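Chemist: Per our numbering, residue 3 is the first one in the sequence shown, and the count goes up by one each step.
Since the hints were derived computationally from the structure, they do not count as laboratory data.
Warning: the hint list may mix true and false statements.
[As the list claims (entries may be wrong)] Capping the alpha-carbon separation at 20 angstroms, the derived lysine-lysine pairs in PhoX-like fashion look like this: (1) Lys40 / Lys73; (2) Lys6 / Lys52; (3) Lys6 / Lys80; (4) Lys40 / Lys52; (5) Lys52 / Lys73; (6) Lys6 / Lys40.
[To be verified] Here are the computed distance ranges between Cβ atoms for each label pair: (7) Asp13 / Ile65: 28 to 34 angstroms; (8) His31 / Ile51: 19 to 25 angstroms; (9) Arg64 / Asp37: 18 to 24 angstroms; (10) Lys80 / Leu55: 19 to 25 angstroms; (11) Arg10 / Leu60: 32 to 38 angstroms; (12) Asp9 / Arg79: 21 to 27 angstroms; (13) Asp9 / Asp37: 16 to 22 angstroms.
Just so you know, these numbers come straight off a predicted model, no measurement behind them.
Glycine is no exception: its CB is placed at the ideal position from the N, C-alpha and C atoms.
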Amino acid sequence: MYLKAIDRFNDLVVSVYVTAGHTRLMLLHDSRNDDGIKSFFQEVHELYIKVLLNPLYLPGSRITSSHFDTKVRALARKYL
Numbered sequence: 003m004y005l006k007a008i009d010r011f012n013d014l015v016v017s018v019y020v021t022a023g024h025t026r027l028m029l030l031h032d033s034r035n036d037d038g039i040k041s042f043f044q045e046v047h048e049l050y051i052k053v054l055l056n057p058l059y060l061p062g063s064r065i066t067s068s069h070f071d072t073k074v075r076a077l078a079r080k081y082l
């Protein structure tokens, strides 16, 4: 569930996305492109689900995959 801008920090905006499993994804940004931010969160959520489906991943632990990091950075360039 995309919660849009829930807070401000200096001149930046804090947006949050909450998954059905109560995982919170937070983004600190300066843009007001709500459609792009929502799309970014939705696609990062899909990547996160793929990580959770990996039998070698321990739920609740840090995601150390360089592939995950690369994909998230590519999504940020695309949508933000």
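Chemist: All hints, please: hold or fail.
Modeler: Each hint tested on the structure:
Taking the CA atoms of Lys40 and Lys73, the gap is near 16 angstroms; set against the 20 angstroms cutoff, the hint holds. This hinted pair does not check out: Lys6 and Lys52 have alpha carbons roughly 24 angstroms apart, beyond 20 angstroms. Proposed proximity of Lys6 and Lys80 is supported: the alpha carbons are some 18 angstroms apart, at most 20 angstroms. Taking the CA atoms of Lys40 and Lys52, the gap is about 19 angstroms. The hint holds against a cut of 20 angstroms.
Under the criterion of a C-alpha separation no larger than 20 angstroms, the hint pairing Lys52 with Lys73 is consistent with the structure, at around 12 angstroms. For the hint pairing Lys6 with Lys40, the CA-to-CA distance comes to about 8 angstroms; that is within 20 angstroms, so the pair holds. Separated by about 29 angstroms at the C-beta atoms, Asp13 and Ile65 satisfy the suggested range of 28 to 34 angstroms. Separated by about 23 angstroms at the C-beta atoms, His31 and Ile51 satisfy the suggested range of 19 to 25 angstroms.
At roughly 30 angstroms, the beta-carbon separation of Arg64 and Asp37 lies outside the given 18 to 24 angstroms, and the hint is violated. A C-beta distance of roughly 23 angstroms is found between Lys80 and Leu55, which places it inside the suggested range of 19 to 25 angstroms. As the Cβ distance of Arg10 to Leu60 is approximately 35 angstroms, the hint placing it in 32 to 38 angstroms holds. Checked against the hint of 21 to 27 angstroms, the pair Asp9 and Arg79 passes, with Cβ atoms roughly 25 angstroms apart.
As the Cβ distance of Asp9 to Asp37 is approximately 20 angstroms, the hint placing it in 16 to 22 angstroms holds.
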